[in-house]
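Using the sequences and the accompanying hints, generate a full structural model.
Reminder that position 251 of the sequence shown reads as 992 in the working numbering, one-by-one numbering, no gaps.
Think of the hints as simulated: they come from the structure by calculation, not from any bench.
As the structure is a computational prediction, the values presented were derived from the model and not from experiment.
Where is the CB? At the ideal position from N, CA and C, for every residue including glycine.
The calculated lysine-lysine pairs, modelled on PhoX-like cross-linking and capped at a C-alpha distance of 25 Å, are:
hint : residue 1 : residue 2
1    : K924      : K964
2    : K817      : K959
3    : K967      : K986
The calculated label-pair distances, taken between Cβ atoms and stated as ranges, are:
hint : residue 1 : residue 2 : range
4    : G865      : S975      : 23 to 29 Å
5    : S925      : N800      : 31 to 37 Å
6    : N800      : S859      : 28 to 34 Å
7    : E942      : T753      : 38 to 44 Å
8    : S859      : S925      : 19 to 25 Å
9    : S909      : G990      : 34 to 40 Å
10   : A784      : G943      : 40 to 46 Å
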Amino acid sequence: LVAIAWQKLIVTNSENHGAILDKATSAYQMLMGGIVGHIVTTAGTQVDACENMGNITANRKNVVNLVGGVVGRIAKAAKGNNCKNIGAVTLAMSSTTYAGVGGIVGYPDTGEAVVVTSCENLAGAFVTCDINSTSNVGAGGILGFAGGGTYKNNINRGAVSMKNAAASAALTCVGGIIGNDFKSATSFESNENYGSVTLVEGSKGTLLGAGGIFGVLKNNNLKSCKNYGTVTGSIAGAIVGNNAKAVSGCT
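Have a look at this one:
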């Protein structure tokens, strides 16, 4: 519905039913979302009670790819609340740059107080990342990556899978809720995953992880989250695949 939001934007009770396919002939970044591609505005932007029903596919080589069912890239204390994704979100490309793909949001900017709460990625809304990248790549049922902010009461029901075949890959992670947390968040709790999580056999990375909630947890303590989905991978865990922080009250 919106490619880039440069100024304060409020989108409520809106739906996308059309497929979104990367057809750019050249680009520095591919930022794709069913409702908003890129939020770059000042604080106050909100995406509330919106639904994406269209499939989203990105395959741009050698550029940054940030793809979400609702928002591709989110910044500046923007809020995403009560949103749903029903469409498949797929990223397939070769690159030396980083990439994030999520059922709701692909990537939040570093250090921004982003809020993503009470959102749901529905069953059948597969999140798939099939990539050959030497940089950091993350996939999650809700977000590919998480920066500073609040992430609460989100639910993923769709299958999430990651494959990175690059021999010199860096971070490769996949989670039922979030792939990786690259910065401390204000709050991360009470999220639930019901979908299967798969780190495909043969995936490479100096840091690997597949988890029912987080693929790789580096900067945040995790509490009161639940995973009901199966998790498969060379480094895998029911809650966190690769963990450096405290986990409490999670089942």
